[in-house]
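Q: Protein chains in written order, with the numbering used here: chain S, 1 to 131; chain V, 132 to 522; chain C, 523 to 796.
In case anyone wonders, no lab produced these hints; they're calculated from the structure. Just so you know, not all the hints are guaranteed correct.
Unchecked claim - Restricting the straight-line Cα-Cα distance to at most 30 Å, the calculated cross-link-like pairs of lysine-lysine (DSS-like) are: (1) C:K628 with C:K650; (2) V:K210 with V:K284; (3) V:K210 with V:K290; (4) V:K353 with V:K290; (5) V:K443 with V:K210; (6) C:K671 with C:K789; (7) V:K210 with V:K361; (8) S:K127 with C:K620; (9) S:K128 with C:K628; (10) C:K666 with C:K620; (11) V:K284 with V:K353; (12) S:K76 with C:K609; (13) C:K671 with S:K128; (14) C:K671 with S:K57; (15) S:K128 with C:K609; (16) V:K361 with V:K135; (17) S:K127 with S:K80; (18) V:K361 with V:K443; (19) S:K57 with C:K650; (20) C:K628 with S:K127; (21) S:K127 with C:K609; (22) C:K643 with C:K671; (23) V:K284 with V:K135; (24) S:K4 with V:K135; (25) V:K353 with V:K440; (26) S:K80 with C:K609; (27) C:K666 with C:K789; (28) V:K353 with V:K210.
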Amino acid sequence: MYNKGTIIPGLVIFIVFVTFPLWYNGLNAGTVPKPDLPVGQKECVAPVGEMRDNHMKLLNEWRDAVLRDNDRVNIKVGGKEYRKGLQLACMQCHTDKEKFCDSCHTYAAVSPTCWDCHLTPAEAATKKETH
Amino acid sequence: MIEKVLKGKSTYWMWLAVLGTFIAIGAACYVRQYMFGLGLTGMSRDVSWGLYISQFTFLVGVAAGGLMLVLPYYVHDYKAFGRITILGEFLAISALIMCLMFIMADLGQPLRGLNVIFFATPHSMLFWDMCVLWGYLILNCLCGWVILTAERKQVHPPKWIYIFVYISIPFAVSIHTVTAMLYCGLPGRHFWLSAIIAPRFLASAFAAGPSLIVLACLVMRKFADFDAGKEAIQKLTTIIMYAAIINTFFFLLEFFVGYYSEMPGHMHSLEYLFFGLEHDGHVYNNLVPFMWTATAFSFTGLGILAYIKIAKVFDYRLVGTAAALIFFSLWADKGLGFVFGGFVPNPLNEVTEYIPTANELGITLGIWATGFFILTLLYKIAVGVEHEIEA
Amino acid sequence: MDNTRRKFLKIAGAAALAGIGAPAIVKLTSHTAFASEEAGHAVPVPGETGVHGEAASTGVRVGMVIDMRVFAVQPMLLDQAIAACNKVHNIPHFPDRKNEIKWIWKAPYANVFPEQEVLHKSEMAKTKPFAVLCNHCDNPSCVKACPTKATFVQPENGIVAMDFHRCIGCRFCMAACPYGARSFNWQDPRPFITNYNPDFPTRMRGVVEKCNFCGERLALGLEPACVEACSGTGAMVFGDLNDPDSEIRRVLDKEFTIQRNPAAGTKPSVYYIV
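The task is simple: from the sequences and hints, build the whole structure.
A: Here's what the structure looks like:
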C-alpha cells in the first residue's frame with residue numbers, strides 16, 4: 001500500500017469525525033420526549049402511530065385539499081366537526097405548540113416552517129382584539 | 132488543467148484578493164438579507180424588481196454575446212477567432228453563473244427555488260428561462276472543456292462535440308429571447324410590451340459580450356502575455372459596431388412609436404428615463420443622468436470605432452476606450468433603465484422611484500466579483516493551455 | 523342575507539364540482555337551483571358575445587359590482603369595508619409606502635381608471651375615493667406568469683387564489699398584473715399586525731399576497747368581509763356572474779358598468795358603477 005502513513009491516520013480522523021454525534025453524546029439518544037396530550041380528548045383524526053409517522057403528510061394533504069382543490073369538507077373527531085387545517089383543527093385540541101409540537105421537533109432537530117404563518121393559540125392571544 | 136489556476140504572478144493573486152474581498156462583503160450582505168428579507172433592498176410594492184433582476188437581464192446578454200465568437204469560428208470557419216473562441220465560451224459560463232446567483236438573490240423564498248422544477252409550469256416564461264439558462268450553461272461547460280482538453284493534447288476535438296457546439300448556437304439566441312419574453316408578454320407594462328424587445332436585447336447582447344471580451348483580451352495582453360491577434364480584435368470591433376448601431380436604431384424606433392403616436396403609456400417610461408416624469412407637481416428623474424451618460428458614451432464609442440475603420444488606424448488604447456464606453460452604455464440601457472423604467476408609472480399611474488440600498492449594492496457587487504473571479508480562473512486555464520502549446 | 527344567496531356562497535366555496543360523496547356536499551349540490559346548471563343552458567344573446575366581446579366561462583364565476591354612487595354618499599362605508607378585510611385576513615399595516623400590503627384599498631378615479639381619464643369629470647370621479655382590489659380575472663396574466671402555480675384560478679368558482687406555501691417570491695406576478703393588485707412581504711409582517719384573527723394565518727416574509735375574495739368565508743356560507751361590511755347598502759354586490767338569475771347579474775343587466783383596463787384582455791370580474 002502506498003502512502004500508508006497518511007491514508008490510515010486520514011481514515012481514522014474521518015471515521016472519528018463522522019461518528020462525532022454518536023460518541024459525543026455517549027452513545028445515548030437522550031430521553032425520549034413526552035409531548036403533552038390534550039386533556040379530555042382521547043381521539044385524533046387518525047390512530048396515534050399513524051399520526052406520529054405521517055402528520056406532516058396529512059397536513060400537506062389538507063393544505064392541498066383546502067387551497068388547491070377547494071375541498072373544504074369538515075373532518076369529524078369525537079363527534080365534533082373541525083375545519084381542515086393546522087390552526088382550525090389540530091391546534092383546537094393541541095393548544096400548546098411548545099409542549100406538544102416542539103417537544104419532538106426539538107428532539108429530532110427539525111424546524112418546520114408552519115408557524116411562520118400559522119398562529120398558535122398563544123401567539124394569537126398576544127394580539128387579541130380588545131373591545 | 133485546473134492546476135493552472137494555482138500558479139500565477141503576484142498581479143494575478145492581487146486581483147483575486149481584491150475580488151475575494153468583494154465576494155466576502157457580498158456574502159455578508161446576503162446573510163443579512165437572508166435573515167431579514169428583501170426589505171433590506173430599495174425595492175418596493177411599485178418597483179418590485181430592482182438591481183438583481185436588471186443585472187440578471189444584462190448578464191444573460193453578455194452570456195449570449197459569446198455567440199459572436201462561436202458562430203464565425205465554427206460555422207464560417209473564421210480562423211482568426213481560433214485563439215479566442217474559448218474566451219467567449221468561458222465568458223458565457225461565468226455570466227450565466229452570475230445570472231443564476233442574481234435570481235437566487237432576488238427570490239423571497241430562495242429555499243423553495245426547486246418548486247420551479249417540482250411544479251413545472253410551461254405557460255410561465257420563467258420556467259423556460261430556467262431551462263435555457265441551465266441548458267446553455269451545461270453546453271458551454273461541456274464544449275469549452277472538451278475542446279480545450281483536445282487543444283492541450285494537440286489533437287482534433289472529438290466529432291460528437293460539434294453536435295453540442297451547433298446546438299449551443301440556437302441556445303445562445305434562445306436565452307436572450309426567452310429573457311426578453313419575461314418582459315414583453317406582460318399586458319400591463321407599456322414600456323416592455325413591444326415586439327422589438329427581443330431583437331433589441333439580442334443586438335445589445337452581441338455588442339456587450341464582445342466588448343467585454345475585447346477588454347479582457349487587452350487586459351490579458353498587458354498582464355498575462357496573451358495576444359488575441361490584431362485581426363481578431365479588429366473583427367470583434369466590427370461586430371460590436373454593427374450590433375451597437377442596430378441596438379441604437381431599435382431604441383430610436385421605440386422613441387418614434389412613443390413620441391409620434393403620443394400615446395401616454397408609450398411615452399411615460401421614456402420620459403421618465405430621459406427627461407424626468409412630472410407627476411403631481413413633482414419631477415421624478417433619478418435615472419436621467421445615467422441615461423444621458425449612456426447615450427453620450429454610446430455615440431462616443433461608436434464614433435471612435437468609426438474613426439478606427441475610416442482612418443484605418445489601429446490603436447489598442449482607442450479600441451479599449453471604445454469597448455469600455457459601449458459596454459457601459461449598454462449596461463446602463465439594459466442593466467438599469469430597461470427594468471426600472473418599466474415600473475414607472477405603476478398600473479395605477481403612480482410614480483415610485485427606486486434607489487438601491489447599500490446592502491443591495493454589496494450583494495450586487497459581490498455577485499459581479501464572483502463572476503469575474505470565475506472568469507479569471509477560467510481565462511487563466513485557457514491562457515495557460517495556450518502557453519503550454521506554444522512552449 | 524336571503525336563503526338562495528347563502529346557498530350559492532356555500533356552493534361557491536365548497537367543493538361543488540368534485541362530488542366527492544361526503545354528506546355535506548351531497549346536501550349542497552342536491553338543490554336544483556344551483557347556478558352553474560342554468561348558466562350552462564343559457565342561450566347567448568347575439569351581439570353580446572361578438573368577436574370583440576367576452577365569451578362567458580362555464581360553471582360558477584364569482585364577481586363583484588362596486589356601486590360608487592353608494593360609496594359617494596356614505597364616506598365611511600369604504601373605510602369600514604377595508605377595515606373588515608384587514609381584520610379578517612391579518613393584514614399588516616406598514617407606515618411606509620414601500621412595504622405596503624393592500625388587499626382592498628382606496629384610490630382616486632384617475633389612478634383606478636388611468637385609461638379612461640378625462641378632463642371634465644363628474645364631481646364624484648373628481649373627489650371620491652374608489653375601491654380597488656384584485657379583479658379575479660378570467661384570464662389572469664399573473665397566473666400565466668407564475669412559474670410554480672402558486673397563484674392559480676380555482677376552477678370551482680373562478681377565484682384567482684394564492685398558495686403561500688408554494689410561492690417562491692419571484693414577484694413575476696407583480697410585474698404581470700395590469701392592476702397593481704399584488705403586494706409582497708418585504709419583511710416579516712407580524713410585528714405590523716394590530717390584532718390577530720385566530721382563524722386565519724398571517725403571511726411570512728418573501729411571499730406575494732392579494733385579495734382572495736374571501737374563499738375561506740365563502741366555504742362557511744358567508745359573504746366576503748368587505749361585502750358584509752356594506753350589507754344592506756348595495757355598495758358591493760357579490761355573486762355568480764354566470765348565473766343569469768343572480769343578484770349581481772340583475773344589477774349588471776340594469777346598470778351601465780365599467781371595468782379597469784379592459785384592453786389588457788384579462789377579463790376582470792369586478793365591475794364599477796360610476
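Q: Now look at each hint and say whether the structure bears it out.
A: Hint-by-hint comparison with the structure:
{"no.": "1", "hint": "C:K628 with C:K650", "result": "holds (9 Å)"}
{"no.": "2", "hint": "V:K210 with V:K284", "result": "holds (19 Å)"}
{"no.": "3", "hint": "V:K210 with V:K290", "result": "holds (18 Å)"}
{"no.": "4", "hint": "V:K353 with V:K290", "result": "violated (35 Å)"}
{"no.": "5", "hint": "V:K443 with V:K210", "result": "holds (22 Å)"}
{"no.": "6", "hint": "C:K671 with C:K789", "result": "holds (20 Å)"}
{"no.": "7", "hint": "V:K210 with V:K361", "result": "holds (13 Å)"}
{"no.": "8", "hint": "S:K127 with C:K620", "result": "holds (24 Å)"}
{"no.": "9", "hint": "S:K128 with C:K628", "result": "holds (27 Å)"}
{"no.": "10", "hint": "C:K666 with C:K620", "result": "holds (26 Å)"}
{"no.": "11", "hint": "V:K284 with V:K353", "result": "holds (27 Å)"}
{"no.": "12", "hint": "S:K76 with C:K609", "result": "holds (28 Å)"}
{"no.": "13", "hint": "C:K671 with S:K128", "result": "violated (34 Å)"}
{"no.": "14", "hint": "C:K671 with S:K57", "result": "holds (20 Å)"}
{"no.": "15", "hint": "S:K128 with C:K609", "result": "holds (11 Å)"}
{"no.": "16", "hint": "V:K361 with V:K135", "result": "holds (26 Å)"}
{"no.": "17", "hint": "S:K127 with S:K80", "result": "holds (27 Å)"}
{"no.": "18", "hint": "V:K361 with V:K443", "result": "holds (13 Å)"}
{"no.": "19", "hint": "S:K57 with C:K650", "result": "violated (50 Å)"}
{"no.": "20", "hint": "C:K628 with S:K127", "result": "holds (26 Å)"}
{"no.": "21", "hint": "S:K127 with C:K609", "result": "holds (12 Å)"}
{"no.": "22", "hint": "C:K643 with C:K671", "result": "violated (41 Å)"}
{"no.": "23", "hint": "V:K284 with V:K135", "result": "holds (15 Å)"}
{"no.": "24", "hint": "S:K4 with V:K135", "result": "holds (29 Å)"}
{"no.": "25", "hint": "V:K353 with V:K440", "result": "holds (24 Å)"}
{"no.": "26", "hint": "S:K80 with C:K609", "result": "holds (27 Å)"}
{"no.": "27", "hint": "C:K666 with C:K789", "result": "holds (14 Å)"}
{"no.": "28", "hint": "V:K353 with V:K210", "result": "holds (23 Å)"}
Checked against the numbered hints above, the structure breaks hints 4, 13, 19, 22 and satisfies the rest.
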